[in-house]
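Taken in sequence, the protein lines are chains L and P. In this text, residue positions in the first sequence follow our numbering: the first is 43, and each later residue adds one. In this text, residue positions in the second sequence follow our numbering: the first is 121, and each later residue adds one.
Keep in mind that a hint or two might mislead.
As the list claims (entries may be wrong) - So these bits of chain L aren't anywhere near chain P, every CB distance computed over 12 Å:
| # | residue |
| --- | --- |
| 1 | Val53 |
| 2 | Cys72 |
| 3 | Lys124 |
| 4 | Gln141 |
What the hints assert, rightly or not - Think about it this way: if two alpha-carbon atoms lie no more than 20 Å apart in a straight line, the pair counts; the simulated EDC-like pairs of lysine to aspartate or glutamate are:
| # | chain 1 | residue 1 | chain 2 | residue 2 |
| --- | --- | --- | --- | --- |
| 5 | P | Lys681 | L | Asp93 |
| 6 | L | Lys124 | P | Glu868 |
| 7 | L | Lys78 | P | Asp937 |
| 8 | L | Lys100 | P | Asp937 |
| 9 | L | Lys78 | P | Asp731 |
| 10 | P | Lys141 | P | Asp553 |
| 11 | P | Lys637 | L | Asp111 |
| 12 | L | Lys100 | P | Glu956 |
| 13 | L | Lys78 | P | Glu695 |
| 14 | L | Lys124 | P | Glu607 |
| 15 | P | Lys716 | P | Glu695 |
| 16 | L | Lys100 | P | Glu958 |
| 17 | P | Lys634 | L | Asp111 |
None of these hints come from the bench; they were simulated from the model. Just so you know, these numbers come straight off a predicted model, no measurement behind them. From the three backbone atoms N, C-alpha and C, an ideal C-beta is built for every residue, glycine too.
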Amino acid sequence: MVSASVESQTVNQWITVCQLEQILLNSGVCALVVDKQIAVFRTAAGIYAIDNYDPFSKAYVLSRGLVGDRNGIPKVASPIYKQNFNLQTGECFDDPTVQLSVYPVRVADGQVQVGIA
Amino acid sequence: MAKKNLVVVGNGMVGHKFLQKSIEIGATQDWNLITFCEEPRLAYDRVNLSGYFSGQSAADLSLVEPGFYDQHGVKVYLGDKATKIDRAAKKVISAQGAEVEFDRLVIATGSYPFVPPIAGKDTEGTFVYRTIEDLEAMSAYAEQAKVGVVVGGGLLGLECANALKNMGLTTHVVEFAPRLMPLQVDELGGNILKDQIQALGVTVHTSKSTTEIVSVDGRVQKMVFADGSELFTDMIVFSAGIRPRDEIAKECGLTVGDRGGIVINEQCQTSDPHVYAIGECALHEGKIYGLVAPGYTMATIAAEQICGDGNNTFGGADMSTKLKLMGVDVASFGDAFGQTPGAKVVGITDSIKGTYKKLVVDATGKHLLGGMLVGDASTYGNLLQISQNQIVLPPNPEDLILPAKSGASTSLGVDSFPDSAQICSCNNVTKGDICAAIQADNITDIGTLKKCTTAGTGCGGCVPLVTDLLKLEMKKAGLEVKNNLCEHFDHSRQELYSLVRLEKIMTFTDLLAKHGKGQGCEICKPAIGSILASAWNEQILNPAHVTLQDTNDAFLANIQKDGTYSVIPRIPGGEVTPVALIALGEVARDFGLYTKITGGQRIDLLGARVDQLPAIWQRLIAAGFESGHAYGKALRTVKSCVGSTWCRFGVQDSTTLAIVVEERYRGLRAPHKLKSAVSGCTRECAEAQSKDFGIIATEQGWNLYVCGNGGMKPQHAQLLASDLDQETLIKYIDRFLMFYIQTANRLERTATWLNKLEGGMDYLKAVVIDDCLGIADRLEAEMAHQVATYQCEWQNTLADPQKLARFNHFVNSPEPDPSLLRVEERGQARPPYAHEREVLMAIQNR
Ligand SMILES: Cc1cc2nc3c(=O)[nH]c(=O)nc-3n(C[C@H](O)[C@H](O)[C@H](O)COP(=O)(O)OP(=O)(O)OC[C@H]3O[C@@H](n4cnc5c(N)ncnc54)[C@H](O)[C@@H]3O)c2cc1C
Ligand code: HEM
Ligand code: SF4
Ligand code: SF4
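Extracted from the complex, chain P is given alone in its bound form (with noise of 0.2 Å):
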């Protein structure tokens, strides 16, 4: 039997979601799929769309696997806009001339961004932001401008606002309504909502209409409201609703809403039953969905209405949402705005945080109907759970939105949730699911659980309660993750830590006596080395510990790929004297290193032999240089902006605290490498939130930043604390590093410290700023060991013929490793490749 032709028009989130669920029950068995595409590529997660201007590429934003369409032969007409459909022929037909016929056609065509008529709205210097296209020509137009206007407060005015704000314009928004989200919040809400957007730096005009765009030279000048008032911009980004493209079903004679929308059943059937209508262009019951999860819902009732069983339908969804903003938490759902008769209200605003939290209870004060959260989203999840599944609420429903006091507060957690609670609204996870397959699978980690179930791969909403989840049965099945060193300790990191520090062991022959087995490896040794390093501070190279070391330790230098090793002074700070950089300068030349500038404001010099070192060490130390730490698992830079001694935007001086707490740490040793900048204002030229623990200067003090890095998988650092006096900051700085050295897995930068952290960022704070175990004294006592102990590790090795003896390539010879050579590069001199060293080996043979 030929197969039939099932043809999606728009390939949008929800279009691919349809192709997708399709091929999973099979369709390509019955069915040729066949999609028209207008942009110029594949669906992308328009969800995540503001993430292209923070560094994500259109591939990152891809939902659709390379290779995908191809393999299940779904025919892809692309940047082909279907301009027609005849229902009498049963065809689509396409702007480049493309004609298909159907037996059954799938409208997924989304919808537009609504421009209001404004005389000048297409001035130029006018976007609306739907498309990547959209995003490419603001942030072109962004550069040459320095003030953006917002048309519009909803969800997305918003997250536009915070885009323009990131390019570095001056931003505003304006609102036709007295609040900003109307749709979402209520007036208390959306006044606390205001003074947040507020304190981001996005000044807000509500109940503002406007009448007119003013151009100059036909490029926005400014925009005049009908209260009389104007307020003068560079570019315009209006987001002031949606439509539903209905236009290609509306020519055809397909029923279309008053206001717009294909109409559909529950089947979501159109009024032709061989065509069909799924996400923001289709209408139900009157409404029209805008967000990603119901159109994701209607994609899959589809799917299984023309190619599988049929038996479910689309019965409304529902419409809570979160707010995506960096820094403010909004947050609506159910019934937010009480209006189920009866409905009962608690609400708590605490003005000085900025918060304000909202519950709708049913008559009964027994179930949760909705509610609405402005600047802590936080429990979010666990109460929107708890409103879709009818769980009973405890007897005073507001303990759920009063702050938690320690141990005290009352939760809901996940573990009450029936199986079929949906955690992934938007890809329709429930809970039975994510159990089932942590089950099935013995899943132990997060990543794997959500490639395996999708859950939280669409807005990322839900993964603290996946997170939570994966704990919890974790748990049950009593998985203690096993964490264990080696073969030679069964004792974790952390244990073997207290131990030390517990019953004074001083070395590793001691404690692998007492706590361990065998010999030992280079897994163990290295890590019980840098803890008794962390814990006593003796010099690393001394008898006792020097074989535990790995070569950059042992050596005090990188090895780098042909046995040769490179050297890192310490510049703190990144400032160095003309004359110390000369002196940098004639070492390198005198002994034919390559040289070049790190990543982390100081200079390497490459290719020293391991005989070369000492003399090397020699010079910079009499030159004023001390040991860099590059090599070890220590604190390695802190790097600075020139802050207020030079910069005209400075508001604190930011290299010179860098200095400052560049040499309070430096020789620190702890589970992985420590980094560090300081930036003088809060255009943050340092980079200081990708870092382990970043400073950004505030009018006020310092704000502290912890737990980032660079590297595979980025992460931004997380506020700890802010307009810190320097006092309090060291201190701060003291306790996070101790906490952390004394609690981290080997080899676990600061971030994923974070994440495993039990309670994260809030536990921290208040290990930290509360001191809720009461260690901080000690910590504080530890670091303050640590600084007092301090001494540059190539000082104390040069002063010790015993350790120096050690720096000799061959034990019975003065000799050079013979294998070493060296090629000109751009005048400096750098180890052979393979292919040049045969050549250069066949020169010396000759």
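Just chain L, with the same shape it has in the complex (with noise of 0.2 Å):
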């Protein structure tokens, strides 16, 4: 279960972060990635990993946000500004200009992984 748009990117190593029911449905959690904080996020649809860093309130944030969908399109909203992030680009539905990196993240034995180059 990997998004489409990091599939090219290449994994080399799969960090463990947590259990999969740590995460509870429809809500997300930050991971330190190696120096990287990571918001991973499970929905019904699937898991998703984006920067934790919300751009607008420049605060790291975005784990504790409201996670939906607009039109079915997985996403969270800061829990400070309230700007919505594509959870499947991370793009931001507000300011089509920011763009929020995505991580690969997949499932595996019950373990929530992030993939690292």
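Could you use the hints to bring the two separately framed chains together as a complex?
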């Protein structure tokens, strides 16, 4: 289960960040992967990983945003100023010039893993 | 062709209206517009002058949009009085020496307050009530005054008395005639009015003629009356009528009336056809109009005469009036005294409620000629329209003034008015104009409608009618304002609340499956989380609910700009023991939290990291604190004053009641936050009238005010019920809050909710007090359930390892968020601003 836009990224190593049950359905957590803060979300449709950094508030908070969908596209709303981000692509719905990084993520044996190069 | 000069002397309400109208019809093409403005500021809203005392600034009152005159090339001689008109040379000469030639001249000098020739009338401490400067002088003097007297019990005098009373003075009104407002009301009405005004705390003396003002050390000490009696006072305001400012006209030989006023014809021309006069300085067919609406009509007519087609003429105006005093309604319109031959009168007096209503009907009984309303003028707008538009009366005209019985009252509503009906008399806007604007611009809110049409922007008396019209037009257009929560639910919040209750739906997932689509979003999730909490009061961090909560609710704290949180424990009624205060201080010190007093009488500890929250709360709960719900759309604080326990004015124990109220409704989730306050007497130190529900002590019990708020659009709370015992008070609050929770929209505060509630305050009273919907028992039972199932959310969370597991920044590391930085200011830690942050980062990376 890897989201489309990150398929091209080469993964040399999968880092386990937590058990799947540690992420409540339709919510997120923040994982420390090497030196990076990555927000990992779990929805009925799948698992997604984007930057935890919110470029609007300049705070590391996106994992604490509300998860939902816009016309079927999974999204998260920043808890500070409520901008919406596409979980599949990292794009900001409210300001298309803002783009977050997305990261390879998968569930293996009930473990959530983020891929690094 | 060179432009001609059009000079306006006087930049008051009417002078400005004239310029505005002229510009509107394109006068700047052919005319240079020039005006002399004696006052130090451009035209302002004199009608709402008293607003200056309730906090409106000179800028708020201004009628001239900044830059408006510049933009249209109007030359203004500000603070310069025109002293002479030279009609032969066609020149105006000013106090500061300007000489301006005119082709047409408009005199709009208004009037001055008449001060009766009483000995001592110029003593220090005497005032008039006409300009902003007058008010500034009054309020400065009032600071060292205890008693104030208004001479004159007319419309203006009473307004002025109200202002004195609001400044905290013991206030008297002295009226020469045997009753108040002698020009507008008859003896019966005058008596009722007197009772009402006295009930406001103003003492009324009628049939009193002042003979002397006695001074001590050059300042007012007392007034002596013709009957030998005396009245001690610190200041006196004269409001004994107005006199036209016609001196400049008189001196240049224009015809003026025997008792003053520049004589004009129906084109608003004076005896010199090149000179016009408009507003309060003008005398038309022996009449001076001391109201703004006729002045505006003259301004429009004169502008059209001089710069436009000049088809319209002035044929007199209606002198209908409504007193703007808070709390006492008085209105009179048309032939209020029944002077038309053959006129018949119907009247209803209710001395218990303090209302007097009289209608004057023509000989045929078909048309309304005029009327008088004291104590309750809610039907004024309608009645005025019925009389002005000659609408045929129902068979029993008294039905129009009988108290409305549920459903049975006869009303001739806006729908029955012709399009030509003048709805806003201040700005002359007709029903046709308003309907056209609504249709042309698809207007759906009253604010926009007022802006587009200017209706309701004068004295505001017509706003209820304008609102009715808007609703009616929207209904006609089949415009049901769509009120869906979001793309996931085709229902309003109110509908969803009912569905949750009726179908006993306990979770978001169930509701979404039965009535929604998709996955939900940041709009519907918290709204439904709140509905579920209001209905069932399950813990919001239970697994079924936790992912619905905004981050504030999800972590039971308020998120700040850097992603840390603030912690606000409950301090009911603002009362805190020294020991508890010390404990709070120790927690703040030990966790390095920035500490500040909130506006809600409690203490805010800021800068707590998400991973610190449980440890902080462990300590706070041990010290006896509980969650303050500052993070929730829930009851926030119930502020209180010290009340009868300490205060020398207190009549009830406001602090104890505030604690009772706060502990009863703590944790109650609502469509928006709820605030409350309790004051121990009428001085209102706790500012209860700015709250969603506020309580003020009286000698007999408690007055309950509802639906106020501060913030961007402050609105005063309105009185729901008076002199309640505590049990009834709590019962009414239970019903009120539950009714609001059940029917309001998402994020709609009580004030906005009330503004949109059909039937308004009367309807709310009927629901809460008279139980007209028969739901009071249910509402009370629902509240009882809330009260019974209350738990401190933090206590509950600390006892549950599963809930606590979420309180970490990283799922895979105990480390705190490494991006957080602090700088010190005034001995406390705060987040760095962006420029400081760069410096700190540079140091860190070295
Ligand atoms: C407290 C108060 C409450 C009121 N409430 C109501 C109400 O509820 N409803 C209602 O209809 N009316 C009300 N009125 C009356 C209303 O304000 C007047 O009818 C209206 O202001 C008249 O407008 P005007 O332009 O004729 O006079 P003004 O507004 O008085 O303007 C005249 C201006 O001309 C200036 N001026 C005079 N002589 C010269 C000169 N020689 N050179 C240069 N400038 C000069 C004056 O300084 C003044 O600024 C109220 C008035 C007051 C004082
Ligand atoms: C949409 C508008 C508003 C927003 C977004 C807002 C935001 C906030 C926030 C975030 C806090 C918590 C501060 C903290 O974390 O310590 C707060 C507290 C407070 N706000 Fe506002 N506020 C709004 C409107 C108002 C209004 C209208 C008032 C009153 C007139 C008000 C008065 C207060 C008070 C008194 C507190 C402290 C409350 C307490 O003791 O719990 N706020 N506000
Ligand atoms: S409201 Fe009344 S009782 Fe309370 S502090 Fe003020 S003066 Fe005292
Ligand atoms: S007034 Fe503005 S800055 Fe101050 S707390 Fe409220 S929302 Fe924040």
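* **Structure versus earlier hints - violations, ascending order** => 2, 3, 13
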